[in-house]
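Student: Going line by line, the protein sequences match chains Z and Y. When the letters of the first sequence are read in order and numbered with full-length UniProt numbering, they come out as residues 1 to 578. When the letters of the second sequence are read in order and numbered with full-length UniProt numbering, they come out as residues 1 to 188.
Hints should not be assumed to be uniformly reliable.
Unchecked claim - Listed below are the simulated SDA-like cross-link pairs for lysine to any residue, each with C-alpha atoms no more than 25 Å apart in a straight line:
#: 1; chain 1: Z; residue 1: K361; chain 2: Y; residue 2: P53
#: 2; chain 1: Z; residue 1: K231; chain 2: Y; residue 2: T116
#: 3; chain 1: Z; residue 1: K348; chain 2: Z; residue 2: K381
#: 4; chain 1: Z; residue 1: K361; chain 2: Y; residue 2: D118
#: 5; chain 1: Z; residue 1: K361; chain 2: Y; residue 2: A90
#: 6; chain 1: Z; residue 1: K361; chain 2: Y; residue 2: P87
#: 7; chain 1: Z; residue 1: K391; chain 2: Z; residue 2: V419
#: 8; chain 1: Z; residue 1: K231; chain 2: Y; residue 2: D118
#: 9; chain 1: Z; residue 1: K231; chain 2: Y; residue 2: L121
#: 10; chain 1: Z; residue 1: K340; chain 2: Z; residue 2: K361
Stated by the list, open to error - Chain Y side only, calculated, beta carbon under 10 Å to chain Z, not exhaustive:
#: 11; residue: R71
#: 12; residue: Y74
#: 13; residue: D84
#: 14; residue: S86
#: 15; residue: P87
#: 16; residue: F98
#: 17; residue: R114
#: 18; residue: D118
Derived by calculation from the structure, the hints in this document are not laboratory data. All residues carry an ideal CB built from backbone N, CA and C; glycine is no exception.
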Amino acid sequence: MTEQLYTVASDSETTGEDKSQMSFPDVAIGIDIGTSNCSVAVWTGHQVELLKNTRNQKGMRSYVMFKDDSLSAGVTGGATREHGHEERDILSGSAIFNMKRLIGRMDTDEVVQASKSLPFLVQTLGIGVRPFIAALVNNMWRSTTPEEVLAIFLLELKALVEMHLKHPVRNAVLTIPVAFSRFQQTRIERACAMAGLHVLRLMPEPTAIALLYAQQQQQLLHDNMGSGIEKIALIFNMGAGYCDAAVAATAGGVSQIRALSGSTVGGEDILQNVMRHLMPDFDSLYAGQTMDRIKSIGLLRMATQDAIHKLATQEHVEINVDLGAGHKVSKILDRGEFEKVNQSIFEKCEGIIKQCLADAKLTPEDINDVILVGGCSRIPKIRSVVLGLCKKDDSYSGIDPLEAAVSGAALEGAIASGVSDPSGSLDLLTIQATPMNLGIRADGGNFAAIIPRNTAVPARRDMLFTTTHDNQTEALIAVYEGEGNQAEDNHLLGYFKITGIPAAAKGTVEINVCMDIDAGNVLRVFAGVVKPQGQAVPPFIEVRMPTLDDGHGWCGQALAKMYGSTLDLATIPKKLHP
Amino acid sequence: MPHLAASPTSAAAAAPASARVAFLRPGRVPRPPLQTARGLRPDLGTLRTAEQPTLYDLLGISSEGTLDEVRAAYRRMARKYHPDVSPPDAAAENTRRFIEVQEAYETLSDPSRRATYDRALARGVCRLAFSSSRRVAPYYYQEDKSGWRRTWGDQIEELKRRSMTKDSEENLSWGARMRRRTETSSSE
Numbered sequence: 001m002t003e004q005l006y007t008v009a010s011d012s013e014t015t016g017e018d019k020s021q022m023s024f025p026d027v028a029i030g031i032d033i034g035t036s037n038c039s040v041a042v043w044t045g046h047q048v049e050l051l052k053n054t055r056n057q058k059g060m061r062s063y064v065m066f067k068d069d070s071l072s073a074g075v076t077g078g079a080t081r082e083h084g085h086e087e088r089d090i091l092s093g094s095a096i097f098n099m100k101r102l103i104g105r106m107d108t109d110e111v112v113q114a115s116k117s118l119p120f121l122v123q124t125l126g127i128g129v130r131p132f133i134a135a136l137v138n139n140m141w142r143s144t145t146p147e148e149v150l151a152i153f154l155l156e157l158k159a160l161v162e163m164h165l166k167h168p169v170r171n172a173v174l175t176i177p178v179a180f181s182r183f184q185q186t187r188i189e190r191a192c193a194m195a196g197l198h199v200l201r202l203m204p205e206p207t208a209i210a211l212l213y214a215q216q217q218q219q220l221l222h223d224n225m226g227s228g229i230e231k232i233a234l235i236f237n238m239g240a241g242y243c244d245a246a247v248a249a250t251a252g253g254v255s256q257i258r259a260l261s262g263s264t265v266g267g268e269d270i271l272q273n274v275m276r277h278l279m280p281d282f283d284s285l286y287a288g289q290t291m292d293r294i295k296s297i298g299l300l301r302m303a304t305q306d307a308i309h310k311l312a313t314q315e316h317v318e319i320n321v322d323l324g325a326g327h328k329v330s331k332i333l334d335r336g337e338f339e340k341v342n343q344s345i346f347e348k349c350e351g352i353i354k355q356c357l358a359d360a361k362l363t364p365e366d367i368n369d370v371i372l373v374g375g376c377s378r379i380p381k382i383r384s385v386v387l388g389l390c391k392k393d394d395s396y397s398g399i400d401p402l403e404a405a406v407s408g409a410a411l412e413g414a415i416a417s418g419v420s421d422p423s424g425s426l427d428l429l430t431i432q433a434t435p436m437n438l439g440i441r442a443d444g445g446n447f448a449a450i451i452p453r454n455t456a457v458p459a460r461r462d463m464l465f466t467t468t469h470d471n472q473t474e475a476l477i478a479v480y481e482g483e484g485n486q487a488e489d490n491h492l493l494g495y496f497k498i499t500g501i502p503a504a505a506k507g508t509v510e511i512n513v514c515m516d517i518d519a520g521n522v523l524r525v526f527a528g529v530v531k532p533q534g535q536a537v538p539p540f541i542e543v544r545m546p547t548l549d550d551g552h553g554w555c556g557q558a559l560a561k562m563y564g565s566t567l568d569l570a571t572i573p574k575k576l577h578p
Numbered sequence: 001m002p003h004l005a006a007s008p009t010s011a012a013a014a015a016p017a018s019a020r021v022a023f024l025r026p027g028r029v030p031r032p033p034l035q036t037a038r039g040l041r042p043d044l045g046t047l048r049t050a051e052q053p054t055l056y057d058l059l060g061i062s063s064e065g066t067l068d069e070v071r072a073a074y075r076r077m078a079r080k081y082h083p084d085v086s087p088p089d090a091a092a093e094n095t096r097r098f099i100e101v102q103e104a105y106e107t108l109s110d111p112s113r114r115a116t117y118d119r120a121l122a123r124g125v126c127r128l129a130f131s132s133s134r135r136v137a138p139y140y141y142q143e144d145k146s147g148w149r150r151t152w153g154d155q156i157e158e159l160k161r162r163s164m165t166k167d168s169e170e171n172l173s174w175g176a177r178m179r180r181r182t183e184t185s186s187s188e
């Protein structure tokens with residue numbers, strides 16, 4: 001890819017935005033890269049402000065256009081050219097979108113499989129490697145990666161911010177889905193680094209919204225004491241690619257995340273379900289990307305999106321679209337049918353909310369406010385499911401569903417940057433929580449969780465293990481993240497060996513494995529032999545996780561095949577407390 | 001910048017709201033005693049004196065504090081020690097303190113764990129013995145004899161100390177340590 005110069009529109013093209021934005025040069029900006037839309041916000045010195053692009057939009061499409069050998073992202077929507085990008089251009093195969101859905105995933109992932117029906121090229125081998133992704137440029141497929149696409153997008157976004165603020169921008173707080181693995185988080189950080197941005201914090205989207213809620217509650221009560229009335233909010237966020245839930249306890253400006261839960265379903269899945277419902281032979285009809293098929297898919301996609309939007313306010317909608325080659329869709333879709341087609345998705349939403357309430361040990365009556373955000377929060381069925389589970393008639397109305405996450409990220413950026421505000425608007429603190437269990441493989445193939453799900457961050461926990469063989473002098477520490485009871489059901493983050501264990505009967509040597517997550521969410525694993533019997537022991541090993549870069553699906557199997565149980569560790573049982 | 005320092009008015013306002021004013025110690029921060037007798041860098045992480053702080057001391061409340069008081073104290077301590085609101089130069093120390101406060105809160109905010117801890121405290125046995133983390137599954141047990149003392153830095157310090165006192169009583173054989181541990185367990 002040749003070096004590109006990114007031109008930004010001059011000030012004269014920004015209507016109503018001529019005034020210079022006062023800001024602190026070292027304050028981190030907030031970025032919400034949604035699967036379909038993104039936004040950026042900054043602390044202006046007394047409040048959070050969302051920045052607009054040259055089309056006067058706060059919400060910008062998340063895509064990069066590769067057409068005609070020039071790159072332009074959805075930040076400006078090609079506004080610097082004669083004609084801006086239209087929806088059919090984005091669906092022509094020349095644009096890559098949904099990068100947030102694709103980033104950090106292997107080709108065995110069902111989300112990647114579902115993405116093969118998108119207009120741009122997604123190829124998979126089904127063996128646990130990265131998918132092949134390409135955009136149509138001058139009638140040829142040109143390969144790229146989701147990280148690259150995201151970096152190009154962020155570069156244009158950064159240029160937009162610097163145009164507004166009139167100074168360079170370096171630090172950013174980005175929102176991520178709860179379901180993002182550490183592997184995916186690493187990818188996001190890499191894309192930011194390619195764009196010249198340093199990630200100060202990666203914030204789960206509901207956590208960012210909880211911080212905004214905490215600020216509002218504090219301003220309502222004018223209560224700056226450490227002991228205010230505690231309010232509990234359930235936050236449900238569903239966008240195009242993910243849905244998340246969180247339970248946050250708020251008092252005196254402190255937002256404590258009690259529970260987090262997430263799933264990889266979103267509006268894109270709903271869209272795909274409806275498309276297949278309208279065109280039952282969708283998969284056979286659109287196998288293989290020809291120009292006609294790409295165009296046809298684009299037409300069907302636009303018609304389906306339009307229908308789903310209308311169903312938010314109408315009971316039924318009429319769909320008429322000519323897909324070419326003799327294929328037509330002429331149908332009236334009603335809300336009941338729509339809900340039936342997507343029942344499995346609504347059940348998943350229900351599941352993560354129930355898990356959140358259970359993890360927080362709360363009943364629906366304990367919830368004070370239900371906050372619904374994200375584009376899909378406008379779907380009536382979603383609203384009735386969430387409000388029904390929480391036994392509420394209405395959701396909290398003080399938060400804009402599309403701007404909440406990025407506003408919270410900008411708040412966190414200001415707080416973490418050390419900004420102080422005399423009016424007290426930044427007397428806030430978010431106590432984040434880990435969304436997944438973290439631990440190692442032990443006792444054969446079992447997963448021993450050392451830092452359990454929903455542990456407050458920063459965190460440090462350790463666990464004692466012991467050898468499984470007489471005179472065992474080495475141990476393999478394989479670090480996993482996830483919810484499964486078997487190690488292989490989880491994400492392998494990395495591995496290392498402890499060597500120089502004193503030769504002794506099995507079960508007599510004590511090996512400590514400590515996991516530390518710092519405020520920046522960096523995970524480090526420390527491991528080594530403890531309580532030596534007067535013998536010299538090697539130094540502890542410290543490893544920052546994840547260490548794996550690619551093919552982590554393969555790596556776990558290779559480790560098991562190569563070492564079997566020779567380097568296994570066992571947990572040390574302890575008497576249960578009464 | 002410590003812009004979140006507790007103001008005197010908030011401390012004064014909080015006291016009248018409590019029915020047990022005499023027992024509240026708002027703002028009191030436990031300070032581990034310095035141990036310079038060994039001529040080493042002060043070992044703030046490993047407390048060896050009889051006056052080890054209890055979990056209540058870590059939160060700055062009395063042992064009769066209600067659940068609401070536990071939560072309020074936790075938030076006050078979080079505002080002091082969470083790295084997001086810490087001065088950069090104190091971030092490392094404050095992160096360690098935040099983790100201690102977090103563990104104290106987790107134990108004292110869980111009624112059953114608190115009851116177990118209170119019983120152990122009343123017997124004067126191993127004051128921080130029950131501040132172990134919440135168990136994810138019954139199959140996996142985490143040995144955590146003294147809660148926050150099991151932190152990483154503490155173990156390094158302990159290893160250094162042991163290596164300098166090879167004849168120390170704590171360098172007993174595994175069997176002797178197991179027997180001693182069994183005796184300690186049976187007395188609980």
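Student: Are the hints correct? Go through all of them and say.
Tutor: Status of each hint after checking the structure:
Pair hint K361 (chain Z) plus P53 (chain Y) does not hold up; C-alpha atoms about 29 Å apart against a cutoff of 25 Å. Proximity of K231 (chain Z) to T116 (chain Y) is assessed by CA-CA distance (about 28 Å); at most 25 Å being required, the pair is judged violated. Distance hint between K348 (chain Z) and K381 (chain Z) is fulfilled; the C-alpha atoms sit about 13 Å from each other, no more than 25 Å. A hinted pair counts as satisfied when its Cα atoms are at most 25 Å apart, and K361 (chain Z) with D118 (chain Y) qualifies at roughly 22 Å.
Between the alpha carbons of K361 (chain Z) and A90 (chain Y) the distance comes to roughly 34 Å, so the proposed pair goes past 25 Å and is violated. With a C-alpha separation of about 34 Å, the suggested pair K361 (chain Z) and P87 (chain Y) falls outside the 25 Å cut-off, and the hint is violated. Between K391 (chain Z) and V419 (chain Z) the CA atoms are separated by roughly 39 Å; this puts the pair beyond 25 Å, and the hint is violated. With a CA separation close to 28 Å, the supplied pair K231 (chain Z) and D118 (chain Y) exceeds the 25 Å bound.
Taken as a hint, the K231 (chain Z) and L121 (chain Y) pair is broken in the structure, with Cα atoms around 32 Å apart against an allowance of 25 Å. For the hint linking K340 (chain Z) to K361 (chain Z), the alpha-carbon distance of about 31 Å lies beyond 25 Å, and the restraint is violated. Hint status for R71 (chain Y): holds, given a least beta-carbon distance of 6 Å to chain Z, under 10 Å. About 8 Å separates the beta-carbon of Y74 (chain Y) from the nearest beta-carbon of chain Z, less than 10 Å, and the hint is met.
The beta carbon of D84 (chain Y) comes within 5 Å of a beta carbon in chain Z, closer than 10 Å, and the hint placing it at the interface holds. Hint on S86 (chain Y) holds. Least Cβ distance to chain Z is approximately 9 Å, under the 10 Å limit. The closest approach between the C-beta of P87 (chain Y) and any C-beta of chain Z is roughly 8 Å, which is under the 10 Å cut-off, so the hint is satisfied. Hint status for F98 (chain Y) relative to chain Z: holds, with the closest Cβ pair at about 6 Å, below 10 Å.
A least Cβ separation of about 12 Å between R114 (chain Y) and chain Z goes past the 10 Å threshold, and the interface hint is therefore violated. With its C-beta approaching chain Z no nearer than about 13 Å, D118 (chain Y) sits outside the 10 Å limit, and its interface hint is violated.
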